[in-house]
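Asker: Here is how the chains run, residue by residue.
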Amino acid sequence: MEMQLRHDVKGAYTIWYRDVLRFVRDRSRIFGSLAQPLLFLFALGFGLGSMLSRVGAGQPGGIVGVAYIEFLFPGILCMTVLFTALFSAISIVWDREFGFLREVLVAPVSRTAVGLGKVAGGSTVAMIQGAIIMLIGPLLGVHYDALKIIEMLLVLLLLAAVITSLGILIAARQKTMEGFQVIMQFLLLPMLFLSGAFFPLVSGTTAGDVLRIIAQFNPVSYGVDALRQIALEGKLPATYALHPPGVDVLFLIGFFILFLVPGVALFSKQD
Amino acid sequence: MPVIEVKDLKRTFGDFVAVKDVSFEVEEGEIFGFLGPNGAGKSTTINMLCTLLKTSGGSASVNGYDVATQQDKVRRSIGLIFQDPTLDERLTGWQNLQFHAMLYDVPTETFKERSAELLEMVELTDKVRESVKSFSGGMKRRLEIARGLLHHPKVLFLDEPTIGLDPQTRWHIWEYLENVRDRERLTLFLTTHYMDEAEVCDRIAIIDHGEIVALDSPDKLKSLVGGDVVTLSTDDNARAASVLAGMDVEHQVTSEGLRVEIDHGDQFIPRVMRAMDEAQPRVSITSVNLRRPTLEDVFIKLTGRAIRDEEASATDMMRNRRRGGGWGGGRR
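As they're listed, the protein sequences go chains A and B. Counting with our numbering, you get residues 16 to 286 for the letters of the first sequence. Counting with our numbering, you get residues -14 to 317 for the letters of the second sequence.
It should be emphasised that the hints constitute simulated quantities derived from the structure, not laboratory data. Every value quoted in this text rests on a predicted model; they were computed, and no experiment measured them. Among these hints, one or two may not hold up.
Claimed, not checked - Below, a sample of chain A positions facing chain B; criterion: calculated Cβ distance under 7 Å:
hint, residue
1, 25
2, 110
3, 115
4, 117
5, 118
6, 124
7, 127
8, 152
Every residue gets a Cβ at the ideal spot worked out from N, C-alpha and C, and that includes glycine.
Next comes chain A alone, as it looks inside the complex:
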């Protein structure tokens, strides 16, 4: 029993280590994955931002608001994590069929350990991606202090874990990559655009209230909400927030368990 636990921990560690090692070794992948968020930051942050007044300004309480790029930045961090984590989890479909995962599945390591290792690996890599974007922040005029950076990284890690688990839940029983486009169209993009990453979900307006209801079902919204409140502490009106950051984190933990448990169970099921 103890032996088995040891093997499983080591096995999960191996899966995690492989994901991280692959990421670190593959510089083209690191740069490639930066291209998209940077494009969004420039095109939306500066392009679209140039015609926007300060977000949240003039609201009751004398709030000065923030530049759009500052508002957008936490949203782009979540976008990066969303894309990286989901793709990393879905890669197990391909990996199981033709790749390294088959070698892992016949090893004396339980599939639960393999699944957990994969969640850990995907989450870590996604969080590192987010951290790299944060490093670029100062170049775009976005500055955070050390405490905020640590808090934001923790939220990003949690969001990454939620999305990786969701990816594993989707990919666990899938045998082919054919459903992939569908997932892109009906999951990834709505999750991104309806999360509030690009615009505030303001309560008190009809459209805003509808968006806020939809956002309650979207794990990404909680990530964006928490991250933005930490990043722009007190600079935005209260009507822009979904929940206090602590509540967002609890919801994220809830989503994590909701996706992880059935995801790993399905993944562990023997054919």
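With chain A fixed as given, assemble chain B onto it according to the hints.
Answerer: Only chain B this time, still in chain A's reference frame:
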């Protein structure tokens, strides 16, 4: 005690029976082969023995461990080489070996010694620090063999181990494998649809549509085919067939022509040439081939089909399609 014991093993996918009540035993140190066409149930059987697939009935044990109830012990004592490479191409050969050692909890000291020894055997010592992406197909297979043996398995399962490799590389790989078998009393269980690969085996089970139709040593199997095999091509195979019938000689029509199994083939050839010549109207022979029987001939004799017949029957195609959609084991 046999290393592998299989009794009435069965696997179904929906209403399709992929493996039908198969029974056999494999002794320690034996090279045991499953020979059959694609979709015959070879990979399904191997996947059940390796605990990748559940069984639908019957029992199987490897190294005395039950594949259904003692999966972890089975996994610990076997090595596996899949049809498709399962190396991580983005990593180096060495990193691939390291991951294997981690997954199988091989102690660092053992890993160092064992990997050095195996890399020398497969002649990859100089290349192992390079990225696997740059490896040729043969090098990848060699690395996989070294990896599969790293944790001292008792049985090495090989699913179409040399598929897609050139004959020279294939022969080379078998040299390594036989070498380890002799040194470590390793048992090899392989599936193949290459006849020359099957010749390496001590015993072969010929499998078709999920059933073992014959099981014996290659020589004994070949003796099932009487005497020699003569293959004739003529300008009119239909008339040639009736001439053969007139000579009281049985034949089969294959893609190569008319195939006859007969004792003293060397004496049969002049007789058949004369008969074709004297037929009214005359049948002209365009080529004659005389050879000793091969395992392919055994397969044709037992199943009535050639193993490499390009044109699969409609049912076979259905099978393959179901197989493709049904589970993750096989090649598409």
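Asker: Hints first: check each against the structure and report whether it holds.
Answerer: Here's how the hints hold up against the structure:
no.: 1; hint: 25; in the structure: holds (6 Å)
no.: 2; hint: 110; in the structure: violated (9 Å)
no.: 3; hint: 115; in the structure: holds (4 Å)
no.: 4; hint: 117; in the structure: holds (5 Å)
no.: 5; hint: 118; in the structure: holds (4 Å)
no.: 6; hint: 124; in the structure: holds (6 Å)
no.: 7; hint: 127; in the structure: violated (13 Å)
no.: 8; hint: 152; in the structure: violated (29 Å)
Taken one by one, the earlier hints fail for this structure at numbers 2, 7 and 8, listed in ascending order.
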